[in-house]
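Peer 1: Using this note's numbering, count along the sequence shown one by one with no gaps and you end on 338.
Since the hints were made in silico from the structure, they are not lab data.
Careful, some of the hints might be misleading.
[To be verified] Distance windows between CB atoms, simulated:
| # | residue 1 | residue 2 | range |
| --- | --- | --- | --- |
| 1 | Lys299 | Thr205 | 41 to 47 Å |
| 2 | Gly77 | Thr205 | 40 to 46 Å |
| 3 | Val70 | Pro293 | 54 to 60 Å |
| 4 | Val155 | Pro296 | 21 to 27 Å |
Since we're looking at a predicted model, the values are computed, not measured.
Beta carbons: idealized from backbone N, C-alpha and C, even for Gly.
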Amino acid sequence: LADGLVWSDTTELDQIARVIDWVPIKALLGQRSGPGRGNISYPAEALLRCLLLGVWNNLSDPALEAQLRDRLSFRRFAGFSLSDRTPDHSTLWRFREELTCDGLIDRVFDEITRQLEQKGLIVKRGTLIDASFMQAAARPPAKPKKGEEGSTRPSADTDARWGRKGNKTVFGYKVHNGVDDAHTLIRRMDFTDASITDTEPADGLISGDEEAAYGDQAYYTHARHARLKQAGIKDRLMHRANKHHPLTPRQKLRNRLISTVRAAVERPFAVFKQRYGMRRLRFFNLATNRT
């Protein structure tokens, strides 16, 4: 009775919960459960929903634990009643590690993408590809102090690497997105250390059923152009000049036209960094940060 009196179902989280069909996701998770303190065991679906809340609201596991206790909208989204005991931060951490080790997070992401396609939220008209740096949680390697051996003292994050794009240098990681151009929903994603060039994972960001692929000059190669043509996908990758072959006026115009379309790819990165607080990552290895 108390739950019915204090809860409404009009929040953004309620809308998300209604859009997603959780039954196939629950099937993917199987019989997993998260052991909590004492004799409490939490369903895997509830713990997955908790982790999503943590990502969407830029919360550490201890902060998420506190919010699950106090926020009604969080409880409702995760499926906890007012009287239910919610998971503590160590339970959330262990479940995330389990998803990471099993590689289940990729299958869950693919299932959600499939549902969005089925509901017409992904149009498949065009895919926008791009990449963005994410700063590591750990400090970068430091020069040794006087009397120490070796050229540098290693970082606490041994997976992070230095990366450079233009004048920007970052120690950390890189997120690579393939985004549907109609609603800027992510269809394909890859997560690498920052040293990986934008073009290396690019083919995996193209789903194969879109009409066109858009990207900046970093993605254009003759081999990729040939693969897109063979797949029946229009090449909308911006041409790159070099010292021997400057761009023609026609190529410059083409690049400007492509640029106006592909600019929308920045929106998911803005959400990651501004809303989810991912300018600097939270964990100290590639696998957990990827999850």
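Peer 1: A separate judgement is required for each hint: does it hold in the structure or not?
Peer 2: Checked hints:
no., hint, in the structure
1, Lys299 <-> Thr205: 41 to 47 Å, "holds (44 Å)"
2, Gly77 <-> Thr205: 40 to 46 Å, "violated (32 Å)"
3, Val70 <-> Pro293: 54 to 60 Å, "holds (56 Å)"
4, Val155 <-> Pro296: 21 to 27 Å, "violated (48 Å)"
In this structure, the earlier hints numbered 2, 4 are contradicted, and the remaining ones agree with it.
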